[in-house]
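Chemist: Here is what each chain is made of, one letter per residue.
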Amino acid sequence: MGGVEVTRITTSSDPRLLQVLRGVVRYRAQEAGFVEPDAEALAMAIDEAASNVIRHTYGNRHDARLALEIWTYPDRMELVLEDSGPKVEPGEVHPRPREDVRPGGLGTFFTRSFVDECSYQENFPAGNRLKMVKHISRKAFPER
Amino acid sequence: MKVQIRKANDVTILDCIGDVDLYSSPHLRETLMEQMHAGNPAVLVNMSDVSYIDSSGIATLVEGLQLSRQTKTRFGLFGLKGNARSVLELARLHKVFAVFSDEPEALERIPSIEPFGGL
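As they're listed, the protein sequences go chains A and B. Counting the first sequence from 1 gives a position; my numbering is that position plus 29. Counting the second sequence from 1 gives a position; my numbering is that position plus 28.
If you are wondering where the hints come from, they were derived from the structure by calculation, not from laboratory data. Heads up, some of the hints might be wrong.
Quick list of the computed label-pair ranges, beta carbon to beta carbon [claimed, not checked]:
(1) G110(B) x P103(A): 27 to 37 Å
(2) N89(A) x K30(B): 22 to 32 Å
(3) A36(B) x Y102(A): 46 to 56 Å
(4) Y56(A) x S76(B): 37 to 47 Å
Chain B is faced by these chain A residues, among others (derived, beta-carbon under 10 Å) [said to hold, decoys possible]:
(5) R45
(6) L46
(7) V53
(8) A79
(9) T101
(10) P103
(11) D104
(12) F138
(13) F139
(14) T140
All residues carry an ideal CB built from backbone N, CA and C; glycine is no exception.
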């Protein structure tokens, strides 16, 4: 496979569908040649990003829109997650320090740990568009 | 995900089966809270059939740990593998919880840990 392929999925923000998103991303990553731990890391990245949207952007509403694009390049995979919620200010999204042991606050840290690049698309007109990039042949699991 | 409850002497074991994510973690949370408040002296979570856990699942376990300190319940995990072990280590929580390799070790050692999660 040498070209660019894209898979698009639109779902509701129902947490039951997280396993579907994980499954599709895992499958596409394996098909693209990612080693098993990297395919799992990509599945975890989409799970954490979508969970964050459901909990924080949509306030646990289950009937809102989530759209995922999976772009497969010869050297990398890009996951683009789009929502229709209020604008997220990237500067205000801070993972909590791991030394601070309390429930919650790890989702953003995990999302960023499982991919090589993670950024919001600036000037996206409505909602948010989060792009996560992982290159093939990087270290399998994030440094601890 | 399913959570099955069983007893081994005075120890309550929660067998978790399946993925623990934003959808399923409230069920684990509810079961953990019930068992902690029920006055059980020790609660162990069997993770050997958990192939996937995300930050909401980790948050649930941390809540369980915090509650165990209030209720003076001995609390631990065993059977962590693959994704579950990696995620706990990534969050640097593997040394915060009392983590045992398997059920026999957990049952042998849980009575001797401090009743607030093994710190």
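Chemist: Does the structure break any of the earlier hints, and which numbers would those be?
Modeler: Hint check: 4, 7, 9, 10, 11 fail, others pass.
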